[in-house]
Amino acid sequence: MNKQFLTLTLLLVLVSFSLQVRAESPWPMFRHDQQHTGRTDFTGPATPTLAWTFQANDGITASPTIGHNGTIYIGAGGYYGGGGDSSLYALTRDGNLKWEFKTDFGDNWPQAAGIFSSAAIGPDGTIYFGSLDGFMYAIEDSVTYAKLRWKNNPGVWPFYSSPIISPEGTVYAGSLDFRLYAFGSDGQVNWSFPTSWCIFSSAVFGLDNVIHVGSKDHNLYSFRDLGAQVDIVWTHPVGTFYDGHLIDGSPAIGDDGTIYFGSDPYGAFGQTPVPVDTTFWAVNPDGTRKWAFVMGDGVESSPAIGHDGTIYVGSYDSCVYAIEDSVTYGKLKWKFKTDGTVDASPTVDGDGTIYIGSRDSVLYALHPDGTVKWTFETEGGIESSVTVDELGYVYFGSFDGRLYALGTGAPDVGIKSVNVPDQVQAESWIEPVARVSNFRDYPQSFDVVCQIDDASQIVYADTLALTDVAGGQYDYMTFAPMMVSSSTSVVYTVSVTTMLPSDNNTYNNTESSQMTVVSGAQLECGDIDGDGDGPDIADVIVLANYILSDGPQPPFLEAADVDGSGAPSPDVADLLYLVDFVFQNGPEPDCGL
101 MNKQFLTLTL LLVLVSFSLQ VRAESPWPMF RHDQQHTGRT DFTGPATPTL AWTFQANDGI
161 TASPTIGHNG TIYIGAGGYY GGGGDSSLYA LTRDGNLKWE FKTDFGDNWP QAAGIFSSAA
221 IGPDGTIYFG SLDGFMYAIE DSVTYAKLRW KNNPGVWPFY SSPIISPEGT VYAGSLDFRL
281 YAFGSDGQVN WSFPTSWCIF SSAVFGLDNV IHVGSKDHNL YSFRDLGAQV DIVWTHPVGT
341 FYDGHLIDGS PAIGDDGTIY FGSDPYGAFG QTPVPVDTTF WAVNPDGTRK WAFVMGDGVE
401 SSPAIGHDGT IYVGSYDSCV YAIEDSVTYG KLKWKFKTDG TVDASPTVDG DGTIYIGSRD
461 SVLYALHPDG TVKWTFETEG GIESSVTVDE LGYVYFGSFD GRLYALGTGA PDVGIKSVNV
521 PDQVQAESWI EPVARVSNFR DYPQSFDVVC QIDDASQIVY ADTLALTDVA GGQYDYMTFA
581 PMMVSSSTSV VYTVSVTTML PSDNNTYNNT ESSQMTVVSG AQLECGDIDG DGDGPDIADV
641 IVLANYILSD GPQPPFLEAA DVDGSGAPSP DVADLLYLVD FVFQNGPEPD CGL
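In my numbering, the protein residues as written are 101 to 693.
Do not take every clue at face value.
[Unchecked claim] Distance condition first, Cα-Cα at most 16 Å in a straight line; then the derived EDC-like pairs of lysine to aspartate or glutamate:
| no. | residue 1 | residue 2 |
| --- | --- | --- |
| 1 | Lys516 | Glu611 |
| 2 | Lys516 | Asp417 |
| 3 | Lys437 | Asp469 |
| 4 | Lys433 | Asp408 |
| 5 | Lys431 | Asp469 |
No wet-lab data here; the hints were simulated from the structure.
Taking the hints into account, I'd like the entire structure generated from these sequences.
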């Protein structure tokens, strides 16, 4: 086999090029994506500037979704004590009504008529949602009106659950008739699975397209769709029947497949609460219990998962919780107290800002550390979840019957991270690397400035001019090399800042990192990650990501000059040399260390 071809093949296997593919819709379903993470890479507004409101004829409990062309879809009604509205509304970006699609008032539950279910947008733009009239709907947005494609009333009872759509076009939703339904693209029921009580929970896709959904019968179910029938993979109980562990919220799936969800002590339609001692759960993909977390009261809120893996969720105890998955237990990072029940579900934006409403009528924007960024007061409680679009607007409904849009649409660029090693050897070279992001959906040109100080003065500065950075994208930017001081124990602060005058979201414009100068430990040439194991496959991956994918800087650049060229920055020649040594017993690296 050709040696160069083998080398390139090995690199392709080892290096994963991250192609930033944007979805056609910035928020196509309840909780944003099929894992229901409730997070987005776009950022919300720096301040709660009111852009517009839309008034429905009843309270809004559903969460808005956004179509391929930016149309916002929201259902009204479904709020006990109302019953004056049962329509799905389509709104333009500026809040004007495109059309209104009226559903029926349910014969069985007229006092709760309306739409609690949040719409889901199919790949072809079809809008799916359930109604309290007992029907699942599929409609087409024909610009000036809504065209019904199909509707199906399989079990008579209302749909509170929000639908989720498989890549094959199957629509899944739970009903108050105790069943999870799978609808084909033609509206016919492929199969249904009976649980032992009502399903308010919205289904979610886990690892290997396994479907997870909760039920008021205290069980989390795991299914595999076989087409005409369903295979139950496992069932995970969090209590015994009606002991106060009812699963109403939607699960969220972590990057490792962990399923997070809450349970609440309230029975159907106002039955007496049953005291509980555990209200939030983490379950492994195989259905075994990972850990349980005790809160002050029940959880109807569906959790969100932050970019760093932090889990955010609201509780009936009026608090918003931030929980860290510590593998064997859930660790409380912080909790934030509101003045009302929190049954809304949190949303996390590209900055890590957490948006969540409370029944105290306030929408809260919280920093990742739990402090308040800003608040916005409505005239009714908030159960609706926030949706963030690609222009930086946030949308949410309220019991006051209004859909709110907050934001200005101004640009937002920022620094996600600064990548330098924690320790650097005296008189070695370092290259600062920063992850620069455009958090809005239109290109921006701007400067990025890197400064390094040693606590007494600025010892380094470099500026990169970026042109037409695509919307919703990020890049790793590598600055000019700097020779590190010969004095040990010097602590450098590396700060990188975006410079765009029209960007008023200054919260994310600057990030910093520190590195300490240490005496020259004897590094082995090629041990680029500094783990002491000598040059191996891990070092190849680190170097390949750095050179070929603009990945983070290797911790020890001086160990990367494996071909002995003396260049301050490793290049493709060094990478090929290292691959040749690790995989083909080529010449040993020689950095001159």
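Do the hints match the structure? See the list:
1. Lys516 / Glu611: Answer holds: Lys516 to Glu611 is near 7 Å, not above 16 Å.
2. Lys516 / Asp417: Not OK: Lys516 and Asp417 at ~33 Å, beyond 16 Å, violated.
3. Lys437 / Asp469: Holds, at about 14 Å.
4. Lys433 / Asp408: 13 Å, holds
5. Lys431 / Asp469: Holds, at roughly 14 Å.
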